[in-house]
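J.: Here the protein sequences come in this chain order: L and C. Numbering follows the working numbering, with no gaps: position 14 of the first sequence is 150. Numbering follows the working numbering, with no gaps: position 13 of the second sequence is 33.
Careful, some of the hints might be misleading.
To be verified - Once the Cα atoms are required to be at most 25 Å apart in a straight line, the calculated SDA-like pairs of lysine to any residue come out as: (1) L:143 <-> C:61; (2) L:145 <-> C:33; (3) L:145 <-> C:63; (4) L:145 <-> C:30; (5) L:145 <-> C:35; (6) C:26 <-> L:511; (7) C:26 <-> L:138; (8) C:26 <-> L:340; (9) C:26 <-> L:336; (10) L:143 <-> C:75; (11) L:143 <-> C:33; (12) C:26 <-> L:501; (13) L:143 <-> C:62; (14) L:501 <-> L:511; (15) L:145 <-> C:69.
Said to hold, decoys possible - Take a look, some chain L residues computed to stay more than 12 Å from chain C by CB distance: (16) 215; (17) 318; (18) 332; (19) 367; (20) 534.
To be verified - Calculated Cβ distances over 12 Å to all of chain C for the following chain L residues: (21) 178; (22) 180; (23) 187; (24) 249; (25) 297; (26) 319; (27) 338; (28) 351; (29) 483; (30) 539.
Treat the hints as calculated values from the structure; they're not laboratory data. Please read these numbers as outputs of a predicted model, since none were measured by experiment. Cβ coordinates follow ideal geometry from the N, Cα and C atoms, glycine included.
The primary structure of each chain is shown beneath.
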Amino acid sequence: MAAEHLKCKECGAQYALEALYVCERCFGPLEVVYGRPSPADVGEVRRRIQGGPQNIWRYADFLPLAGGPPGPANRRASRTGLPAGCTPLIRADRLARRLGLGEVWVKNDAANPTHSFKDRVVSVAAARARELGYEVLACASTGNLANAVAAQAAALGMESYVFIPADLEEQKVLATGVYGPRLIAVRGSYDEVNRLCTELSGDREWAFVNINLRPYYAEGSKTLSFEIAEQLGWELPDRCVVPVASGSLFTKVAQGFEEWLDLGLVGGQIPRMNGAQAQGCAPIASAFADGQSICRPVRPQTIAKSLAIGDPADGPYALDVARATGGGVDAVSDEEIRAGIALLAETTGIFTETAGGVTAAVLAKLAERGDIGESERVVLFITGDGLKTLDAVRGTFTTTEIEPQAAAFDAAVGAPVGV
Amino acid sequence: MAVTVKIPTQLRAAADGAAEAEVEGETVGEVLDDLFERFEELRERISQDGGELRRFVNVYVGGEDIRFLDGLDTPVADGAEVTILPAVAGG
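Here chain L stands alone, though its shape is the one from the complex:
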């Protein structure tokens, strides 16, 4: 399945596979179109996946690289750069019981090289940027992307420019700066950083992964769906709960499932797609609730900074996906987000960042509302690590401090039974 061209999602105009992201005719977004393999090839595609490396390049048939996976010619050895993917899918029975659900799985994508799903999209964008001859990687980031771009550039020996809002969590700033990028803190919101970078990208010969390389970048998110299907034994879940910021991850996860259904690699039907936003930045959840097909931009105010995109580029498509699959888009408060982080940590041993608190809290909300059937197999998407947003859990538990004496310990927690 080779990538054939870029196509406008709005008017269908076609473009060559270059660093383009906007249709010149109608300003719609461009996406990658692949040649369709014949059904007879399905077995061969499956064998290629199973024989592929333990990272996203095992799905190279569904990714937009002209030369196949990067690295040595042998696809089994595609381990150059900073490969992402093949993260754990964990059956979370204790979480399911707590919420009164039948079957819940957690896709822990914090287990990527820079601890978020952004390593997937950046791997694809960086590989394509190199094919197109770029020497500089750049991005507008809410934090996780900053980590991923700086690290991937370091691994590939590329220069990088990383633009972040100046008020970003310190952990995310430190975990970016360490890789040696040119780090630009912009006094403004993410949407302002994004506007600035969109403007800059027109006049600089840089690969802005989420701007001029966005059609390729976005494709990387499909590998989450492929992995989940493969990890479930070539079956699809019934429902996915996914964090939503720009809407790109959400729509591409659905597209990944669709591509495998169309090809016959899996059977059944597309999972219900539930999007998760924070109430302090819920343009897509609001549009869903109001029955709108476009989103009104908002000024974000939430502890879930990695989801704080007030002007979501893929908002209309995320709404289409939620409605077409019988899912939805819900929003939760900062209090519910903190409770979501604690719920996941206490029942699964997974410590997630605020975005994961958002998805866990939305899962709890759906369960409480009775939206999830007893026999449903649900996958909760955890896309980032709790160590990135430590402030969110500060002060949520107590520590017992004692003198280094047994008597002090007994006094604090109670003497041993029978003494």
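Since the structure of chain L is provided, determine the placement of chain C on it from the hints.
T.: Just chain C, lined up with the frame of chain L:
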């Protein structure tokens, strides 16, 4: 009243290659109309039939998204900068 409109790379072919244009107008709508007078091809690229902007077009006055202001009725001061950008970036 002279206003500077910054034209994104993707639209410059339809604007004789210009990266910006000096136009007249007291609101965003008037500024864009004057721009379309000069470069007729731009009209259909970023506007819909009813005159509203297409859904993936963002317009800023002095860096502020006009959807937070009064949309096409947003006043534009003499010497202000109006920026047109694609809305499909980021995330």
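J.: For every hint, state whether the structure bears it out.
T.: Checked hints:
no., hint, in the structure
1, L:143 <-> C:61, "holds (21 Å)"
2, L:145 <-> C:33, "holds (21 Å)"
3, L:145 <-> C:63, "holds (20 Å)"
4, L:145 <-> C:30, "holds (16 Å)"
5, L:145 <-> C:35, "holds (24 Å)"
6, C:26 <-> L:511, "violated (55 Å)"
7, C:26 <-> L:138, "violated (37 Å)"
8, C:26 <-> L:340, "holds (16 Å)"
9, C:26 <-> L:336, "holds (12 Å)"
10, L:143 <-> C:75, "holds (17 Å)"
11, L:143 <-> C:33, "holds (19 Å)"
12, C:26 <-> L:501, "violated (45 Å)"
13, L:143 <-> C:62, "holds (21 Å)"
14, L:501 <-> L:511, "holds (18 Å)"
15, L:145 <-> C:69, "holds (19 Å)"
16, 215, "holds (28 Å)"
17, 318, "holds (19 Å)"
18, 332, "violated (9 Å)"
19, 367, "holds (25 Å)"
20, 534, "holds (38 Å)"
21, 178, "holds (32 Å)"
22, 180, "holds (34 Å)"
23, 187, "holds (33 Å)"
24, 249, "holds (20 Å)"
25, 297, "holds (15 Å)"
26, 319, "holds (18 Å)"
27, 338, "violated (4 Å)"
28, 351, "violated (10 Å)"
29, 483, "holds (30 Å)"
30, 539, "holds (52 Å)"
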